[in-house]
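Trainee: Chains A and B supply the protein sequences, listed in that same order. When we follow this note's numbering, the leftmost residue of the first sequence carries the number 2, and every step to the right adds one. When we follow this note's numbering, the leftmost residue of the second sequence carries the number 2, and every step to the right adds one.
Careful, some of the hints might be misleading.
[What the hints assert, rightly or not] Pairs of lysine-lysine residues, derived as DSS-like cross-links and limited to a Cα-Cα distance of at most 27 angstroms, are as follows:
1. A:Lys40 - B:Lys126
2. A:Lys40 - A:Lys346
3. A:Lys40 - A:Lys351
4. A:Lys378 - A:Lys173
5. A:Lys254 - B:Lys254
6. B:Lys81 - B:Lys126
By construction, these hints were calculated from the structure, which means they are not laboratory data.
There are 2 protein chains.
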Amino acid sequence: MNPEQYEILDRVLEQPVLKRYLFPDPVVIESVELLRDRKSFICRVRSSDGAEGVSIGHPFISLESYPVFVNALIPFFTGKDARDLDALLHEVAESQVKKQGVPFCVQLATLEFAILDMLGNIAEKPAGLVIGDLLNPEVDIYLGHLLPQLRNLEPEVSLGMMDESRIETQAKAIKLRAGRGDNLASDIDNAPGRTEKLIRMAREKFGDDYVLMIDGNGSYSVDEAIRIGKILEEHNFYWYEEPVPWDWYEEQKIVEQAMNIPMAGGEEEFGMHGFRYLAGNEVFQFLQPDIFYFGGMVRTMKVARMVEAAGLQISPHISGGGLGFLYMLHMVSVCPAAAEYHEFKMFSTKDPNGTIIPVESKGGPFESVGGTIRAPKGSGLGVIIDPDYIKTHTTCAN
Amino acid sequence: MNPEQYEILDRVLEQPVLKRYLFPDPVVIESVELLRDRKSFICRVRSSDGAEGVSIGHPFISLESYPVFVNALIPFFTGKDARDLDALLHEVAESQVKKQGVPFCVQLATLEFAILDMLGNIAEKPAGLVIGDLLNPEVDIYLGHLLPQLRNLEPEVSLGMMDESRIETQAKAIKLRAGRGDNLASDIDNAPGRTEKLIRMAREKFGDDYVLMIDGNGSYSVDEAIRIGKILEEHNFYWYEEPVPWDWYEEQKIVEQAMNIPMAGGEEEFGMHGFRYLAGNEVFQFLQPDIFYFGGMVRTMKVARMVEAAGLQISPHISGGGLGFLYMLHMVSVCPAAAEYHEFKMFSTKDPNGTIIPVESKGGPFESVGGTIRAPKGSGLGVIIDPDYIKTHTTCAN
Numbered sequence: 002m003n004p005e006q007y008e009i010l011d012r013v014l015e016q017p018v019l020k021r022y023l024f025p026d027p028v029v030i031e032s033v034e035l036l037r038d039r040k041s042f043i044c045r046v047r048s049s050d051g052a053e054g055v056s057i058g059h060p061f062i063s064l065e066s067y068p069v070f071v072n073a074l075i076p077f078f079t080g081k082d083a084r085d086l087d088a089l090l091h092e093v094a095e096s097q098v099k100k101q102g103v104p105f106c107v108q109l110a111t112l113e114f115a116i117l118d119m120l121g122n123i124a125e126k127p128a129g130l131v132i133g134d135l136l137n138p139e140v141d142i143y144l145g146h147l148l149p150q151l152r153n154l155e156p157e158v159s160l161g162m163m164d165e166s167r168i169e170t171q172a173k174a175i176k177l178r179a180g181r182g183d184n185l186a187s188d189i190d191n192a193p194g195r196t197e198k199l200i201r202m203a204r205e206k207f208g209d210d211y212v213l214m215i216d217g218n219g220s221y222s223v224d225e226a227i228r229i230g231k232i233l234e235e236h237n238f239y240w241y242e243e244p245v246p247w248d249w250y251e252e253q254k255i256v257e258q259a260m261n262i263p264m265a266g267g268e269e270e271f272g273m274h275g276f277r278y279l280a281g282n283e284v285f286q287f288l289q290p291d292i293f294y295f296g297g298m299v300r301t302m303k304v305a306r307m308v309e310a311a312g313l314q315i316s317p318h319i320s321g322g323g324l325g326f327l328y329m330l331h332m333v334s335v336c337p338a339a340a341e342y343h344e345f346k347m348f349s350t351k352d353p354n355g356t357i358i359p360v361e362s363k364g365g366p367f368e369s370v371g372g373t374i375r376a377p378k379g380s381g382l383g384v385i386i387d388p389d390y391i392k393t394h395t396t397c398a399n
Numbered sequence: 002m003n004p005e006q007y008e009i010l011d012r013v014l015e016q017p018v019l020k021r022y023l024f025p026d027p028v029v030i031e032s033v034e035l036l037r038d039r040k041s042f043i044c045r046v047r048s049s050d051g052a053e054g055v056s057i058g059h060p061f062i063s064l065e066s067y068p069v070f071v072n073a074l075i076p077f078f079t080g081k082d083a084r085d086l087d088a089l090l091h092e093v094a095e096s097q098v099k100k101q102g103v104p105f106c107v108q109l110a111t112l113e114f115a116i117l118d119m120l121g122n123i124a125e126k127p128a129g130l131v132i133g134d135l136l137n138p139e140v141d142i143y144l145g146h147l148l149p150q151l152r153n154l155e156p157e158v159s160l161g162m163m164d165e166s167r168i169e170t171q172a173k174a175i176k177l178r179a180g181r182g183d184n185l186a187s188d189i190d191n192a193p194g195r196t197e198k199l200i201r202m203a204r205e206k207f208g209d210d211y212v213l214m215i216d217g218n219g220s221y222s223v224d225e226a227i228r229i230g231k232i233l234e235e236h237n238f239y240w241y242e243e244p245v246p247w248d249w250y251e252e253q254k255i256v257e258q259a260m261n262i263p264m265a266g267g268e269e270e271f272g273m274h275g276f277r278y279l280a281g282n283e284v285f286q287f288l289q290p291d292i293f294y295f296g297g298m299v300r301t302m303k304v305a306r307m308v309e310a311a312g313l314q315i316s317p318h319i320s321g322g323g324l325g326f327l328y329m330l331h332m333v334s335v336c337p338a339a340a341e342y343h344e345f346k347m348f349s350t351k352d353p354n355g356t357i358i359p360v361e362s363k364g365g366p367f368e369s370v371g372g373t374i375r376a377p378k379g380s381g382l383g384v385i386i387d388p389d390y391i392k393t394h395t396t397c398a399n
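Chain A on its own, in the form it takes in the complex:
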């Protein structure tokens, strides 16, 4: 614990995020709706002046926790001035202690995305630009998809699939998966020596200079994490992510101190105080708040600023499916201390019912050229969601 470092971070946390000066008049949230079609959820907010914002929920967590949206978030946000977003998010995230966790934050993020869409529409700016400045108009991606394939298929087969995605996107970095990914520190691999083989084969296949990361998803005890980490050092990996269970922060620090390559983590952390600890103690060099799991972009911006103050880097996590890539692009476009590469799980906009979400970009196509995607240019979230698709979703009961 370093009190001086925490003082610096606490001052950072006091700084406002939403650019309130963009909104001279109140933006009263007249209605908040959660719409549902089986496993798919959409949030729509409307202001008393008729402005509207729409967001698509999380592809697989919205279904687990939607009652808290209906029972707690709708009553809390209805009638409030959206210009108070910083304070509203702080109060609802920190004071409702029995609701906290990733499932709650996912609902909060869904609502925040819709509010930022509405505010961006009012200010005629992309959602990112109502909370930050355009620091990264182009976002370099790393491929973070194919998680089950990288663990369960033959290493050469899964690396072949990854290579196809690399060719398609021209991505300059790829993330592999280590161990069984069970968050149980079981030290069990899906086959003996499988992870070592995957590491070696990937380095051979993609060449000495290609950027490779790897994610353990909590597979290892401290000793095994360090043993695998030493192999990663030999193969010049760019970062080593979450080898021990996510909340083993003291043990993670032991691994970090034993490593000569940077470490990455934080995607399951839902607490601001938790990220203050992670940044203040350099538990990881790359911090990875998930834009959904951590409750949205305003909160993630606070983490980014702490990361910057601590001299570290941020690379926000995002799940595949839904509009995850879009939220990632908005966030990274305005992120201070952004890492060089950001998580990308392909432009797969399927909703959890298997329907391609019909979205149209307001400002040029979303595409990866040379492994780089340009930040969205249209107002709000930068997309128009087909109204007929929205109509397939109806008001969600609790």
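We have chain A already, so just place chain B on it with the hints.
Mentor: Showing chain B alone in chain A's frame:
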């Protein structure tokens, strides 16, 4: 961080909890049902041999997170051997990282209570005795109810209400409330000097020898927590609970080191690793896992054993309403390192729809005599819930 202490706790965590030897034959969980009537939830499990267990859900959190019961817990537990309960709970609680938190644990606890009811019915023992030995056949209570009254009414009025409950139950200890209870470290009281007044008045009213605790529910910053704590020391308080926000464990340790009276906390902690930290570093002297919020009695028993190994005490937290008092009695009856007093919020068995839950004790009435309640004696959870009441609840959709 103390590696030797953690080694001791890790050995404790490896010890089995469920008394498997009581069940020579498999107890296959043939069905798991979540039944619902508006805001009220009931869990029913049945074995393939026709044994049955029933539990009443949490009075106000079940409604927030029930989809995770339907979508995740029912598929996970159906078809499993209930004798593997320790391992099943470990796997489902630790590996489903995106679901973790109090709302998930509440669902897990609801299911575990029903399984323990079923196992107790099979073994013809109270639920507590299938996971532990009868260490505390009589449970001394402290009054922990009247939370909003103690914060919002005039101090003399709320203390008068508490005194009525004291007379009714003959409880030998009472818990007050400090600050606004917002978990925001706001240092704001509901009226200037109100908490100091409440502390002084309570000591005068109940006398020098009466046992008084107080709970801050995260009201204070470190400095204000210590200032209030010094006043509590002067007035000889028995414990000082959660003055700073629940997850400010480093800051809590600073307060703890500044105090000459014991501290209590942990009710919002949902992680086993979190309790290992709290016990291993003596962040509080009294640890208070909530039997619902922490995911049930087997997990709470593991905390109790860590607490015992660390030379601390445990006083499980429980919400008012529903059958909370019953779960508390089962747990405390078999708890090692149990504190002298345990949380009691009156025998209020109202469900969230306002209906008194019609339960009949299988073994003598539940009553507080001299501030002491005898542990339940009947098999399983020790109660028969009126079948007609259960019938008002129907299968819960997701």
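Trainee: Does each hint fit the structure? Answer for all of them.
Mentor: Evaluated hints:
no.: 1; hint: A:Lys40 - B:Lys126; result: 42 angstroms, violated
no.: 2; hint: A:Lys40 - A:Lys346; result: 20 angstroms, holds
no.: 3; hint: A:Lys40 - A:Lys351; result: 12 angstroms, holds
no.: 4; hint: A:Lys378 - A:Lys173; result: 23 angstroms, holds
no.: 5; hint: A:Lys254 - B:Lys254; result: 20 angstroms, holds
no.: 6; hint: B:Lys81 - B:Lys126; result: 22 angstroms, holds
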